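Based on the provided sequences and hints, a complete structural model is requested.
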Amino acid sequence: MIIRSLFSVEMIQQPMVYHLDREQKRGLRPIFLSYRAAAVLCIVGMVGSVLWSNPLRLKDRDQQSVIPGIYQEILLESFDSLPFTERDIRQNESIRAHLIIKEDYPAPLPDSGRYLTVEIESDGPDALQVFFRRQPVLRQHTRWFSIWAHGMKLPGDLLILVEDTRGQVHQLSFGTLNFRGWRRLTAEVPDHVIQYDHVPGINEALKIVQLIYRPGPRKRLKKDQIFFLDNLSASVREKYLLQNP
Numbered sequence: 001m002i003i004r005s006l007f008s009v010e011m012i013q014q015p016m017v018y019h020l021d022r023e024q025k026r027g028l029r030p031i032f033l034s035y036r037a038a039a040v041l042c043i044v045g046m047v048g049s050v051l052w053s054n055p056l057r058l059k060d061r062d063q064q065s066v067i068p069g070i071y072q073e074i075l076l077e078s079f080d081s082l083p084f085t086e087r088d089i090r091q092n093e094s095i096r097a098h099l100i101i102k103e104d105y106p107a108p109l110p111d112s113g114r115y116l117t118v119e120i121e122s123d124g125p126d127a128l129q130v131f132f133r134r135q136p137v138l139r140q141h142t143r144w145f146s147i148w149a150h151g152m153k154l155p156g157d158l159l160i161l162v163e164d165t166r167g168q169v170h171q172l173s174f175g176t177l178n179f180r181g182w183r184r185l186t187a188e189v190p191d192h193v194i195q196y197d198h199v200p201g202i203n204e205a206l207k208i209v210q211l212i213y214r215p216g217p218r219k220r221l222k223k224d225q226i227f228f229l230d231n232l233s234a235s236v237r238e239k240y241l242l243q244n245p
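Going by our numbering, the sequence shown opens with residue 1, and the numbers climb by one from there.
Heads up, some of the hints might be wrong.
Taking lysine-lysine pairs in the DSS-like style, the calculated list, with each CA pair at most 27 Å apart, reads [to be verified]: (1) 222 / 102; (2) 102 / 153; (3) 153 / 222; (4) 207 / 239; (5) 223 / 153; (6) 223 / 102.
Using C-beta positions, here's what the derived DEER-type ranges look like [unchecked claim]: (7) 166 / 123: 31 to 39 Å; (8) 121 / 239: 38 to 46 Å; (9) 152 / 197: 24 to 32 Å.
Please keep in mind that the hints were generated in silico from the structure rather than gathered at the bench.
None of the values given here were measured: they were computed from a predicted structure.
Don't be surprised by glycine CBs; every beta carbon is placed ideally from N, CA and C.
Next up, the structure:
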């Protein structure tokens, strides 16, 4: 009888204990949620204070993803304001080139009128160098260079030569001209190209030295090559005031 009565008491009291636990959970749920919200706000405040005390320490590509639309495109050379001639190129015995400004087949751009035509006679892999009479100078931070090119299934590559704020020269590739028709080509400026100012208050510049065309490997070399260039531009933003590391 004692065992039976104890068993019956457990059977009667157990649902009551479970019922009370569930009610307690319901009552304490708003308190737990308020504590959780307070903890989240505390963490957000700590992260914000760290970022505020160390501003703009993120890399440029991270800044671009955090703050979209901060870059703007500026035109560096339209190839129609000044005539380009043989004195604007460097060539040797294995490559001979002619530069002509034309306007009969412009790029598919609203403001495109004239463009640069490059005609090459090549017997070797030597590169053709095209200089600018007015050297483009960029005092903003540059992320990309873009140029419109008209290829004719050529095996060669188009590059741009830039000088950073430390005086070091870098070759950036637009890629191959192995296509037909007009196409916009882009060359990204990597992080090792130094663009920040060394002395506060002195806005140092990134300089465009020249364009380079490499005709391609000898076994794929075409003796006569021709391509068009139009609207060299850059995607830039204002420089950040970074702290010294």
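Hints, one by one, checked against the model:
no., hint, in the structure
1, 222 / 102, "holds, 23 Å"
2, 102 / 153, "holds, 20 Å"
3, 153 / 222, "holds, 10 Å"
4, 207 / 239, "holds, 16 Å"
5, 223 / 153, "holds, 13 Å"
6, 223 / 102, "holds, 22 Å"
7, 166 / 123: 31 to 39 Å, "holds, 37 Å"
8, 121 / 239: 38 to 46 Å, "holds, 44 Å"
9, 152 / 197: 24 to 32 Å, "violated, 43 Å"
Against the hints set out earlier in the document, a violation occurs for number 9 only.
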